[in-house]
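**Q** Single-letter residue listing:
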Amino acid sequence: MKFIINLLVIAIFTAFGNLLKAQSASTKSDFFDSTGKIYVVVAVLVVVFIGILIMMFSIERRLSKIEKEDGDI
Amino acid sequence: MKHWWKLLSAILILYSLVAGMLIPLRSGIVSDKSDMALKTAASQHLNLKFYNARFKKENAEKITARLRIDSSRAICADNIKITSEKELDIEFNLAGLELKKLESPFPFVEIGSKENGYVFSSVYLSKDSSESGNSYKTCPAEFIQPSQKISFPFLNILEESIRNLFFHVPMWFGMMFLLLLSVIFSIKQLGKADSLKNDTKAKSFAAIGVLYGILGVVTGALWAKHTWGAYWSWDVKQNTSAVALLIYLAYFVLRSSFEDADKRARISAAYNIFAFATLIPLLYIIPRMVDSLHPGAEGNPAFSSYDLDSSLRLVFYPAVIGWILFGVWMANLAIRVENIWIRKMETL
Numbered sequence: 001m002k003f004i005i006n007l008l009v010i011a012i013f014t015a016f017g018n019l020l021k022a023q024s025a026s027t028k029s030d031f032f033d034s035t036g037k038i039y040v041v042v043a044v045l046v047v048v049f050i051g052i053l054i055m056m057f058s059i060e061r062r063l064s065k066i067e068k069e070d071g072d073i
Numbered sequence: 074m075k076h077w078w079k080l081l082s083a084i085l086i087l088y089s090l091v092a093g094m095l096i097p098l099r100s101g102i103v104s105d106k107s108d109m110a111l112k113t114a115a116s117q118h119l120n121l122k123f124y125n126a127r128f129k130k131e132n133a134e135k136i137t138a139r140l141r142i143d144s145s146r147a148i149c150a151d152n153i154k155i156t157s158e159k160e161l162d163i164e165f166n167l168a169g170l171e172l173k174k175l176e177s178p179f180p181f182v183e184i185g186s187k188e189n190g191y192v193f194s195s196v197y198l199s200k201d202s203s204e205s206g207n208s209y210k211t212c213p214a215e216f217i218q219p220s221q222k223i224s225f226p227f228l229n230i231l232e233e234s235i236r237n238l239f240f241h242v243p244m245w246f247g248m249m250f251l252l253l254l255s256v257i258f259s260i261k262q263l264g265k266a267d268s269l270k271n272d273t274k275a276k277s278f279a280a281i282g283v284l285y286g287i288l289g290v291v292t293g294a295l296w297a298k299h300t301w302g303a304y305w306s307w308d309v310k311q312n313t314s315a316v317a318l319l320i321y322l323a324y325f326v327l328r329s330s331f332e333d334a335d336k337r338a339r340i341s342a343a344y345n346i347f348a349f350a351t352l353i354p355l356l357y358i359i360p361r362m363v364d365s366l367h368p369g370a371e372g373n374p375a376f377s378s379y380d381l382d383s384s385l386r387l388v389f390y391p392a393v394i395g396w397i398l399f400g401v402w403m404a405n406l407a408i409r410v411e412n413i414w415i416r417k418m419e420t421l
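Just so you know, the sequences run in chain order A and B. So in our numbering, spot 4 of the first sequence is number 4, and the numbers just go up one at a time. In short: position in the second sequence from 1, add 73, done, that's our numbering.
No wet-lab data here; the hints were simulated from the structure. You may find that some hints are simply not true.
Across the chosen pairs, the derived CB separations fall in these ranges [said to hold, decoys possible]:
no.: 1; chain 1: B; residue 1: 353; chain 2: A; residue 2: 66; range: 34 to 40 angstroms
no.: 2; chain 1: B; residue 1: 87; chain 2: A; residue 2: 60; range: 19 to 25 angstroms
no.: 3; chain 1: A; residue 1: 34; chain 2: B; residue 2: 116; range: 32 to 38 angstroms
no.: 4; chain 1: B; residue 1: 267; chain 2: A; residue 2: 70; range: 23 to 29 angstroms
no.: 5; chain 1: B; residue 1: 319; chain 2: A; residue 2: 69; range: 32 to 38 angstroms
List of simulated lysine-lysine pairs, PhoX-like, C-alpha gap at most 25 angstroms [said to hold, decoys possible]:
no.: 6; chain 1: A; residue 1: 37; chain 2: B; residue 2: 122
no.: 7; chain 1: B; residue 1: 112; chain 2: B; residue 2: 210
no.: 8; chain 1: B; residue 1: 200; chain 2: A; residue 2: 37
no.: 9; chain 1: A; residue 1: 68; chain 2: B; residue 2: 417
no.: 10; chain 1: B; residue 1: 222; chain 2: A; residue 2: 37
no.: 11; chain 1: B; residue 1: 270; chain 2: A; residue 2: 65
no.: 12; chain 1: B; residue 1: 106; chain 2: B; residue 2: 173
no.: 13; chain 1: B; residue 1: 336; chain 2: A; residue 2: 65
no.: 14; chain 1: B; residue 1: 270; chain 2: A; residue 2: 68
no.: 15; chain 1: A; residue 1: 65; chain 2: B; residue 2: 417
no.: 16; chain 1: B; residue 1: 222; chain 2: B; residue 2: 135
no.: 17; chain 1: B; residue 1: 106; chain 2: A; residue 2: 37
no.: 18; chain 1: B; residue 1: 112; chain 2: B; residue 2: 129
no.: 19; chain 1: B; residue 1: 159; chain 2: A; residue 2: 37
no.: 20; chain 1: A; residue 1: 37; chain 2: B; residue 2: 310
Chain B side only, calculated, beta carbon under 8 angstroms to chain A, not exhaustive [stated by the list, open to error]:
no.: 21; residue: 124
no.: 22; residue: 233
no.: 23; residue: 237
no.: 24; residue: 240
no.: 25; residue: 284
no.: 26; residue: 292
no.: 27; residue: 295
no.: 28; residue: 299
no.: 29; residue: 403
no.: 30; residue: 407
no.: 31; residue: 410
no.: 32; residue: 411
no.: 33; residue: 413
no.: 34; residue: 414
no.: 35; residue: 417
From a predicted model like this one, the values you see are computed outputs, not experimental measurements. Glycine included, every Cβ here is placed at the ideal spot set by N, Cα and C.
Kindly generate the complete structure, drawing on both the sequences and the hints.
**A** Below, the structure is given as structure tokens:
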């Protein structure tokens, strides 16, 4: 399970990295400033979503500990 | 329905997402300020680029452009040419216009049509001494009614990123509310020390509050990069909110340094009260005293009535309530899990 998650995380990050590389340094800010800077809003929404994910992960970690104490269900 | 407020938070956040992203921006002028300069002479041209506009050649005669002189008079444009879908070339005859007789040295141009509303921009007039040609003529101009369609205001540097108002600012409102709840439970904990229930609540509310605060700083930095030009401009509010977050991070460091649960509950409750007390000067007093890039720096660190248009309020306030309730919901989950964990540890 953990292995699969790790693999997924690496896959997502490499994909994201390639995306950034594709629109290399000079055009990156042009991209965010294009179409009336709407992509800044998209980036902010992504950050907020990541925040909610962090919260979910931390609650899940506690739950897993409790499950372990109960004797692996 | 015991859980109505959780449903409400989901509905309000969904509403703020849908309405906040779909309500269109008003049209606006994106030309530089140097393009807005006119001289008091004949055949002055304004070449203007518009955002969110679509001019059609067949509707050219419906477009009006005028330079307002006072509440009832204006100078109408002699000639309006549509150079592209988003560009206009407007010609004025301003010969003989006396700057001293104007109410303002930066009169407004009003461009638009009755159906689609108007765009306003101030113009920089300068004197031209060469006297030639016919002098200017005024035309009667009624006051323009604002458009009835719901739309967000167009602000030059912000453009579409004005929508961040519904996602960045509610984080701060939510943080303040959650930290207030946290300190209330800390006070309760000091009053009734035989149970750890209030300590768990204080900790969880503080955790979600700090999460909101970090999201506020990160989203603010992203927004700043594309409007103020840098992720961190050492703006007062950026600095004070970072300091406030560090104070609250110390709260969690302090908690983790105690082995004994009762001691931890007591000392961290006392620390929480001091931490909340420092928030008030950091977030409400210092920003009012110093110049800031944030809007409303001249007295009110929130929003002046000018900054917060009624169409923005329509989405902003539901978003604030939605994110506050959502934060309480998240904290609630954390509290319940934590309580089960504590009970488990006690039985072992």
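**Q** Would you mind marking each hint as holding or not holding in the structure?
**A** To see whether the hints hold, each was checked on the structure:
{"no.": "1", "hint": "353/B <-> 66/A: 34 to 40 angstroms", "in the structure": "38 angstroms, holds"}
{"no.": "2", "hint": "87/B <-> 60/A: 19 to 25 angstroms", "in the structure": "24 angstroms, holds"}
{"no.": "3", "hint": "34/A <-> 116/B: 32 to 38 angstroms", "in the structure": "35 angstroms, holds"}
{"no.": "4", "hint": "267/B <-> 70/A: 23 to 29 angstroms", "in the structure": "28 angstroms, holds"}
{"no.": "5", "hint": "319/B <-> 69/A: 32 to 38 angstroms", "in the structure": "34 angstroms, holds"}
{"no.": "6", "hint": "37/A <-> 122/B", "in the structure": "17 angstroms, holds"}
{"no.": "7", "hint": "112/B <-> 210/B", "in the structure": "15 angstroms, holds"}
{"no.": "8", "hint": "200/B <-> 37/A", "in the structure": "37 angstroms, violated"}
{"no.": "9", "hint": "68/A <-> 417/B", "in the structure": "11 angstroms, holds"}
{"no.": "10", "hint": "222/B <-> 37/A", "in the structure": "23 angstroms, holds"}
{"no.": "11", "hint": "270/B <-> 65/A", "in the structure": "20 angstroms, holds"}
{"no.": "12", "hint": "106/B <-> 173/B", "in the structure": "22 angstroms, holds"}
{"no.": "13", "hint": "336/B <-> 65/A", "in the structure": "24 angstroms, holds"}
{"no.": "14", "hint": "270/B <-> 68/A", "in the structure": "23 angstroms, holds"}
{"no.": "15", "hint": "65/A <-> 417/B", "in the structure": "11 angstroms, holds"}
{"no.": "16", "hint": "222/B <-> 135/B", "in the structure": "19 angstroms, holds"}
{"no.": "17", "hint": "106/B <-> 37/A", "in the structure": "20 angstroms, holds"}
{"no.": "18", "hint": "112/B <-> 129/B", "in the structure": "29 angstroms, violated"}
{"no.": "19", "hint": "159/B <-> 37/A", "in the structure": "17 angstroms, holds"}
{"no.": "20", "hint": "37/A <-> 310/B", "in the structure": "23 angstroms, holds"}
{"no.": "21", "hint": "124", "in the structure": "6 angstroms, holds"}
{"no.": "22", "hint": "233", "in the structure": "4 angstroms, holds"}
{"no.": "23", "hint": "237", "in the structure": "5 angstroms, holds"}
{"no.": "24", "hint": "240", "in the structure": "5 angstroms, holds"}
{"no.": "25", "hint": "284", "in the structure": "6 angstroms, holds"}
{"no.": "26", "hint": "292", "in the structure": "4 angstroms, holds"}
{"no.": "27", "hint": "295", "in the structure": "5 angstroms, holds"}
{"no.": "28", "hint": "299", "in the structure": "5 angstroms, holds"}
{"no.": "29", "hint": "403", "in the structure": "5 angstroms, holds"}
{"no.": "30", "hint": "407", "in the structure": "6 angstroms, holds"}
{"no.": "31", "hint": "410", "in the structure": "5 angstroms, holds"}
{"no.": "32", "hint": "411", "in the structure": "7 angstroms, holds"}
{"no.": "33", "hint": "413", "in the structure": "6 angstroms, holds"}
{"no.": "34", "hint": "414", "in the structure": "6 angstroms, holds"}
{"no.": "35", "hint": "417", "in the structure": "5 angstroms, holds"}
When each numbered hint is compared with the structure, violations occur for hints 8 and 18.
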